[in-house]
Amino acid sequence: MKKTFYTGLLLLLIAACKKDEKASPDQQLSNRITYVIADNMFNFSSFNAVIDRTGYGPKLAGEGPLTVLVPDNNAFIKAGYANAAAVLQERAFTLNNMMSYHVLSGTWELNKLPFAFNQELTTALGAKMYATRWVKGKDTVLTINGTPVVSYNLPASNGLIQVMSEVLQPLVNQTLSDAIAADTALTFLNVALQQSGMKDLVASKTIYTFFAPSNSAFRSKGFPSADSVGQTDPAVLKRMLGYFFFPGRRFVYDYVLTTDATDKSEQAMYNGNNITVQLVKNGAKYTGITIQGSGNTSPINILKSNVLTGNGVLHITSSVLSENQ
1 MKKTFYTGLL LLLIAACKKD EKASPDQQLS NRITYVIADN MFNFSSFNAV
51 IDRTGYGPKL AGEGPLTVLV PDNNAFIKAG YANAAAVLQE RAFTLNNMMS
101 YHVLSGTWEL NKLPFAFNQE LTTALGAKMY ATRWVKGKDT VLTINGTPVV
151 SYNLPASNGL IQVMSEVLQP LVNQTLSDAI AADTALTFLN VALQQSGMKD
201 LVASKTIYTF FAPSNSAFRS KGFPSADSVG QTDPAVLKRM LGYFFFPGRR
251 FVYDYVLTTD ATDKSEQAMY NGNNITVQLV KNGAKYTGIT IQGSGNTSPI
301 NILKSNVLTG NGVLHITSSV LSENQ
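Oh and the sequence shown: position 123 is 123 in full-length UniProt numbering, straight run, nothing missing.
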């Protein structure tokens, strides 16, 4: 139903833009990005509330060209905002960061990007994001930071709108080390990195993907407190941590796109050993992944995915990845 609606919207907007080729300046203004969003309040009312609260209206109604990544209302619900009124209750600082991360200078026709993973794009304010265009089955899939694009290249007279299935999280931390230290749910992991002497590694310029166990995951593994982690032999922690991350940037949906019909794949980790990645489906739709180490008796859930940093991606896990001894 949603795809049908967006296709209909796209056809209407294309027709409007064709008329605008000979339209007056006033008619051109009536098709600016802000007005296209406002005219589609059924799907974009929450994002329109962000525009109103942050004062971005004049910029999005300006000459452009701009490309705006617009999360639909369902995306905002996933992010914890039930409706436009809930968006308006959010802190202005949070909404300004959110808004600025969804605007790119220029016209970006995502369907014309090369078939490649995680191609670097830059927002209007200079922040990095990563676009993938790939084929899965019979479908060509577009993602930004691992988030599928619902509909792309909706035209406005001053740019384009790309409709997102989730609200993108702005890049806040420059390193994985900083992101782990800043998250109170990862205190035990931060101590483990310090005690093992590996903190500098995940603060380097090398790109890594890190499956980060939560504090409760460490407790289940037999560490009752952060102090108990700090009292563990550094060599033991180093061996354990080497099974949590690997070089390269991998968002959850990257696995969806690269895994074959078995819905399972292997991922080589920093220590050279593999974990198993299992795709999770709801009907015909892929909704995420689980991971499992050779020593884990059951799959591990991803509690929070696709936390982007300047040197990689963080996925917070419900259990500690373990190897057979």
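Treat the hints with care, since some could be wrong.
As the list claims (entries may be wrong) - Heads up, simulated BS3-like pairs for lysine-lysine below, C-alpha to C-alpha not over 27 Å straight-line:
{"id": "1", "residue 1": "K59", "residue 2": "K128"}
{"id": "2", "residue 1": "K78", "residue 2": "K221"}
{"id": "3", "residue 1": "K128", "residue 2": "K238"}
{"id": "4", "residue 1": "K199", "residue 2": "K221"}
{"id": "5", "residue 1": "K285", "residue 2": "K238"}
{"id": "6", "residue 1": "K304", "residue 2": "K128"}
{"id": "7", "residue 1": "K221", "residue 2": "K205"}
{"id": "8", "residue 1": "K304", "residue 2": "K136"}
Because the hints were derived from the structure by calculation, they are not lab data.
Violated hints, by number in ascending order, as checked against the structure | 2, 3, 5, 7
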